[in-house]
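Sequence order for the protein chains is A and B.
All letters in the first sequence, in the order written, are residues 136 to 727 by my numbering.
All letters in the second sequence, in the order written, are residues 136 to 727 by my numbering.
Take every hint as true, because none was put in to throw you off.
In the DSS-like style, the derived pairs of lysine-lysine whose C-alpha atoms are separated by at most 25 Å in a straight line are: (1) Lys706/A x Lys706/B; (2) Lys626/B x Lys706/A; (3) Lys591/B x Lys605/B; (4) Lys626/A x Lys706/B; (5) Lys622/A x Lys706/B; (6) Lys605/A x Lys706/A; (7) Lys622/B x Lys706/A.
These aren't lab readings, by the way, just hints derived from the structure by calculation.
Since the structure is predicted, the reported quantities are computational estimates derived from the model, not experimental observations.
Number of protein chains: 2
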Amino acid sequence: MPSYTPPTRDMQFVLHDVLRISQTDTPGYAELDPEFTSAVLDEAGRLASEVLAPLNTVGDTEGCRLENGVVRTPEGFREAFEQVKAGGWPGIDLPEEFGGQNMPYIMGTAVGEMFSGANQAFTMYQGLTHGAASAILAHGTDAQKATYLPRMTACDWTGTMNLTEPHCGTDLGLMRTKAEPRDDGSYAITGQKIFISSGEHDMAENIIHLVLAKIPGGPEGIKGVSLFIVPKFLVNEDGSLGARNGVSCGKIEEKMGIHGNATCVMNYDGATGYLLGEMHKGMRAMFTMMNEARIGVGMQGLAQAEIAYQNALAYARDRLQGRAVTGAENPDGPADPLIVHPDIRRSLMDQKSFIEGARAFLLCGSQMIDQSHRGKDAQAEGMVSLLTPVIKGFLTDEGFDMTILAQQIYGGHGYIEEWGMSQYARDARIAMIYEGANGVQALDLVGRKLAQDGGKHVMAFFETVKTFLKENEDNEALRADFLDPLKAASKDLQQAGMFFMQNGMKNPNAALAGSYDFMHLFGHVCLGLMWAHMGKACHEALGNGTTDRAFHEAKLATGRYYMARRLPATKMHLARIESGADTVMALTADQF
Amino acid sequence: MPSYTPPTRDMQFVLHDVLRISQTDTPGYAELDPEFTSAVLDEAGRLASEVLAPLNTVGDTEGCRLENGVVRTPEGFREAFEQVKAGGWPGIDLPEEFGGQNMPYIMGTAVGEMFSGANQAFTMYQGLTHGAASAILAHGTDAQKATYLPRMTACDWTGTMNLTEPHCGTDLGLMRTKAEPRDDGSYAITGQKIFISSGEHDMAENIIHLVLAKIPGGPEGIKGVSLFIVPKFLVNEDGSLGARNGVSCGKIEEKMGIHGNATCVMNYDGATGYLLGEMHKGMRAMFTMMNEARIGVGMQGLAQAEIAYQNALAYARDRLQGRAVTGAENPDGPADPLIVHPDIRRSLMDQKSFIEGARAFLLCGSQMIDQSHRGKDAQAEGMVSLLTPVIKGFLTDEGFDMTILAQQIYGGHGYIEEWGMSQYARDARIAMIYEGANGVQALDLVGRKLAQDGGKHVMAFFETVKTFLKENEDNEALRADFLDPLKAASKDLQQAGMFFMQNGMKNPNAALAGSYDFMHLFGHVCLGLMWAHMGKACHEALGNGTTDRAFHEAKLATGRYYMARRLPATKMHLARIESGADTVMALTADQF
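Next comes chain A alone, as it looks inside the complex:
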């Protein structure tokens, strides 16, 4: 049976040894001392490993069933959801005013990683609710907030995001769902939405759908799209539930993975909807959800890699097969454990060095969100806006690749469902697709974010790297292992950016043909920077006589691996980028 061990030790290291969160001036961080965060993470970790993880296989095997319009979640999901609610976890970083715990976003990220790692499909029910609540919080009227947020913060009511239609996903301007104004100020929503995660289920009293639709007579295309609140049950003035609204689940999809989450076709048949935010500005409101959701999806990439790695590691230590080439290491046994073999190590180190680097990156990005939201720090806002497509695209691509590496360690046992490794790979696969397929993330990064505000955020990123290198240039312990590789990788990234500037103006394809490689190149530099920070923190801890020497030494060794073995990928991405668009665009569509 697969198992999950909460990575709280590693989280504490990132939060306190690297980011030193309780010593920063980010609002709300002063109270995040090691004892407090440890208590929160331990409690969340216990729930993740003891309650959510055991239901992961159940969710995959049973899936969701649609019966007479009602979706039944897998056995045990309802009880587990009640436990998550009872712990107040869904509202961990939502305002106290609406029943939340008002902790910083960074704590929500750390907890979310554990919940997602233990059971991604299950955790999506609360994740989507959080996203919908955030959008209402940002764009709702006081009355809307009062009506929906207390119940959504508690997850008594869950939420959804309704964007995609059968003929349009990325290109939402093509949308056909319409919202016709009624005399009472509400709208009649009619149309079909697909791929609606958590669209219908049996774990909540009500489901609050946020639906994009066009008001007839509005502007063409994406500029005529508005956002609506469409509750499954209408809400009476006293907050009690009224009539069933004209929205129903027509079908649940058979998917490659995340079977425990109901992916629904939602039919709106003159359903009552309430405008959320401004008319025709629906995309802006939806992006409040989407940016947060994208970071959450990047987190899922990390989370699946973590649980897959944990189980692969256990198998590699346990399974006896072959002998170490340098001499038997388990001479009394019939064979040595897999972990003695260099190629198994290569695989485990690829996984471990990605996971720990990604975790630091994600928590660092979450801190920027707190600086931006709580501290009104425009620089942090710009930076996290730049990094969001990198977090989403790079972490989910790599996260999936790592689940495949982990699965591979099991050999044939990885391919049969019994050992659970297949599920991690199948579940991780979706993260590369939803909330904007990774190609769209790359387009967002290169086509929009690089040039945003005159390119000042990417310049600030380079400045951050440069400052770090400068501040530590006398650090002999860091130089060869961390600083030199980071410098080289950062130079590759700058050179790629330069190539786009020089060629992209006259031929946009020259930049866009390299967008995917740029996203990965950027991701590697980010993880390289994180590892350099972590390397520094470890040397300091070791110099200060840490009581956890083995941990800090392992961390240093893992960082050295990343810098030596993963970071050289930047050269390949640069070469691909610099080859330009000619070979990419050479064929006519017919010639393929």
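For this one, chain A is given, so just place chain B on it according to the hints.
Relative to the frame of chain A, chain B by itself:
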């Protein structure tokens, strides 16, 4: 509905424009003129696209069912199997003496790619039979050949390979299945084998299991392993079927993919077995099957990439989403097709350039097998032995990655089962695992094959590249696009080999820690060499006034893409290799 178009045009190009097979002196090749091969490929392609491909989804959805010891294959499989048999396809390259068609192996490969691409799970039933027949052909007595081969060539009886046991896969020396000699010269086989593809099913009158087992009192470990023929039904002297043997299917596995093929737990309970080949030399006999099977698995990697690519391409041409950044290309429609977008192109070109390079590589390797088997050419035998792990490991890793790219083009539609893209990815995943997991292929390559016969085969490979570069050094049309990148990549490969020589002797881990990267580096150089050959052939065809200009121009453009965009991966692999074993082996098992 997914569809399959047989890539016969491309196969004809490789066979006749590149390899010029009918003009070589490989025995049996003289009759393989373009008309003949075209007729064979067209007929096989028709069967693949019209009969096998439509059953692919059925096989995935229905899977196999074990009922009272009998395995039921999916609806339609039996009828399709009869059609394959009626066409004589299972025996295409087996000797006429046993009812085969005696065509060269290269034709079997081309046909096999189409069958596997159309329906991998289905094609495995005949693929395993072919492997088992090859082993009997190479190691059987005349009586054994006469008894089994005619029926196996026709696939009236199918075959299996029984290696793995619950506690041992790669390390077969740990095997427990025993073969106790009986007075009549037969053996009583007792033990359990797992992961037996096609182990039990309802499409053949008899199933001939080739089983590895230990004769008590023999040498310890792998040197005490012998190979046995264990028929499901014993065969009477007159060739009719006798009593049911003591072998049964205890379970079929739930797997990530290839649901249409029954992966069985096989229980041997004093079953009657007949020694195949020499006592205690079972591994040698099994390797006759395994080498062939490994090339066949490499082919599966290509085949799944091909069908996934075909469907992704169709979707990219059809699905309207967004506008070309350089101006609308479908101004009268609501949006442009996906294929206008540079990042979609990048993905399609990655796929196309891999697939066409891999096909050439595989057919070139198949020609070496014919030179080796039919021509008794020891050099060719050595070369294909060197390249076998590259074909298996590189083509299946890349093949899987390409199915993931293809699936990604569908966005959310790629993740739901309805469109079929998930199945290609799930089916392709197994090829990285079975017939020796790819890490084992890398170990075989670096730990054994590089040094085989004093390293003369790898030297011969470098000589082949050098000779090609030398012979074409005045070819201006090839130089910048093909020759220079090939030269650089080949230099990276040589440098990696040098690193192993200099460091591997004193520390074997230094070589083995780089084995996986070396396998990929080698694979890229092989595909680069193939593309250089294809580039040359295209320039010649264009110079000679080809009537198929669009084809040859597209081929050239695709080759340029590979050389410019994929081959730079060699630098990354070299950097990883040259970083040595230190970072890979730094942690103790406890420190992970």
